[in-house]
Amino acid sequence: MTVESEKKQWEESVLNPAITKNKERKPLFEASSGIPVPVVAVPGEADYMEQLGFPGEFPFTRGVQPNMYRGRFWTMRQYAGFASAEESNKRYRYLLQQGQTGLSVAFDLPTQIGYDADHPMAMGEVGKVGVSISSLADMETLFKEIPLDQVSTSMTINAPAAILLAMYIAVAKKQSVPMSELRGTIQNDILKEYVARGTYIFPPTPSMRLITDSFQFCEQNIKRWNTISISGYHIREAGSTAVQEVAFTLANGIAYVQTAIKAGLDVDDFASQLSFFFNAHNNFLEEVAKYRAARRMWARIMRERFGAKDPKSWQLRFHTQTAGSTLTAQQPDNNVVRVTLQALAAVMGGTQSLHTNSRDEALWLPTEKSVRVALRTQQVIAYESGVADTVDPLAGAYVVEYLTDEIEKRANEYIAKIDSMGGALVAIESGYMQNEIQEAAYQYQRALENKETTLVGVNAFQAEETLDMERLKVDPAIEQNQRTRLAELRQKRDAVKVSELLSQLEIAARGTENLMPLFIECVSNDITLGEIAGVLRQVWGEYHTPAWG
781 MTVESEKKQW
791 EESVLNPAIT
801 KNKERKPLFE
811 ASSGIPVPVV
821 AVPGEADYME
831 QLGFPGEFPF
841 TRGVQPNMYR
851 GRFWTMRQYA
861 GFASAEESNK
871 RYRYLLQQGQ
881 TGLSVAFDLP
891 TQIGYDADHP
901 MAMGEVGKVG
911 VSISSLADME
921 TLFKEIPLDQ
931 VSTSMTINAP
941 AAILLAMYIA
951 VAKKQSVPMS
961 ELRGTIQNDI
971 LKEYVARGTY
981 IFPPTPSMRL
991 ITDSFQFCEQ
1001 NIKRWNTISI
1011 SGYHIREAGS
1021 TAVQEVAFTL
1031 ANGIAYVQTA
1041 IKAGLDVDDF
1051 ASQLSFFFNA
1061 HNNFLEEVAK
1071 YRAARRMWAR
1081 IMRERFGAKD
1091 PKSWQLRFHT
1101 QTAGSTLTAQ
1111 QPDNNVVRVT
1121 LQALAAVMGG
1131 TQSLHTNSRD
1141 EALWLPTEKS
1151 VRVALRTQQV
1161 IAYESGVADT
1171 VDPLAGAYVV
1181 EYLTDEIEKR
1191 ANEYIAKIDS
1201 MGGALVAIES
1211 GYMQNEIQEA
1221 AYQYQRALEN
1231 KETTLVGVNA
1241 FQAEETLDME
1251 RLKVDPAIEQ
1261 NQRTRLAELR
1271 QKRDAVKVSE
1281 LLSQLEIAAR
1291 GTENLMPLFI
1301 ECVSNDITLG
1311 EIAGVLRQVW
1321 GEYHTPAWG
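Counting in this note's numbering, the sequence shown runs from 781 upward without gaps.
If you're looking for bench data, these hints aren't it; they were derived computationally from the structure. Values in this document were obtained by computation on a predicted structure and should not be read as measured data. Among these hints, one or two may not hold up.
What the hints assert, rightly or not - Cut-off 20 angstroms, straight-line C-alpha distance, at most; resulting in silico cross-link-like pairs (SDA-like, lysine to any residue):
1. Lys1149 with Arg1118
2. Lys1042 with Glu999
3. Lys1042 with Gln996
4. Lys1272 with Leu1282
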């Protein structure tokens, strides 16, 4: 079959109305000057096509769907959450009114490390960098007037992810929404917490058990739920290179798959519910190539290394967030430009979901106006730029293909080294990944200080300015209000039932049964996040970062 006949066959399948879900999009497009826009960019040389294939086909270098954004746009999912559940609920409903197509929940630090708002460790941090969630009542308020069968929800939560998922399921039940109708993602990626972020609670072995428990439970009950978002984002934010971001993320992914298989799960039963989370950084072409390389690598890992047979198991589907570490407090309006370029790279690289940072995030929590501009950035790219009209428009561009190949080659070298060490967990426990990231971060900072790298408005093109911007502040009364509500909750609930369930949880944590059903029963009986995590802390202990030589 010739390239032209392959192209024709592919176009006929893509233009099939049955798979074109976006009814606003016409099947064929023209540029503003009347030039027809091809459905898919086809490089001129046959050898390129032989290597790359078509979008929606193994190894998915060019995208996981044959028609990509011609079928429907990526999910526009702005990451949000601050103060109380009431305040965050208002922000979510505002964003949905502005055209956001999915929710993304930011939790405060006490919630992320399994403490209730009235715990001494939570003092001064309640609601500061995310929403405070201690109980099912908080979760119910968070999603008030938001029908959970009509939105997909991503929750950036890791160590206690299974408990927060249990709360979400319990809220859905109160809304009379069956579990099977829920769509969304829990980040649930504990390995990168040990590497780059630090919001871990338990040692690796029980932490991995919680992850495989959620894999198994969701495979049986919530098939449209992404049970993990294997995250390179925080690895990059900690200072890694693009190659390290891909390598360490996929190495962690390999570890999760191996653990699930060891726990008795069949790879094709859970692999399609795995998702990924990448950073969108400043070097436009490198970022586009990074996503393409990661997709191709994961397809080969799943098919060749793990013997997955279902093509859905080979697909690397990912969410992208623009790079918080690139935002500057100096000349913050420049951040709008940075975010636009980063978002464009994510779209050109084939992301399934996207968050765009706000211009003021280097200074404080983003204001409503700044969030609207960030969302509008995605909408302008989607509806006005034309880049979504063609699938994988940069295919065949020499530099893009060269960078894709080089990132794949260098990332595979890292993975081979990690394999030789015994896998990702060993590489993390020995400090190998952390040291590699630390060295990359140091080299970048040195280049910045020596002006070998230019950061506009910081080490070049500086200007004196007075910041005349609206500021979002979290009311300190939020913390006391949360404490009061928790005290009232504990007074009203069935104390005998609570005691019985916590005893059951302790026994179950010492055993091997899947903990998800018990988590759902606990939260449904008003047992708090901190109380559940507290029992697990007693049984499993807490993880402390070792000192590396």
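Taking the hints in turn, this is what the structure says about them:
1. Of the pairs offered as hints, the one joining Lys1149 and Arg1118 holds, with about 18 angstroms between alpha carbons and a cut-off of 20 angstroms not exceeded.
2. For the proposed pair Lys1042 and Glu999, the alpha carbon gap of about 16 angstroms is at most 20 angstroms, so the pair holds.
3. For a cut-off of 20 angstroms, the pair hint linking Lys1042 to Gln996 stands: about 12 angstroms separates their Cα positions.
4. Proximity of Lys1272 to Leu1282 is assessed by CA-CA distance (about 17 angstroms); at most 20 angstroms being required, the pair is judged to hold.
When each numbered hint is compared with the structure, no violation occurs for any of them.
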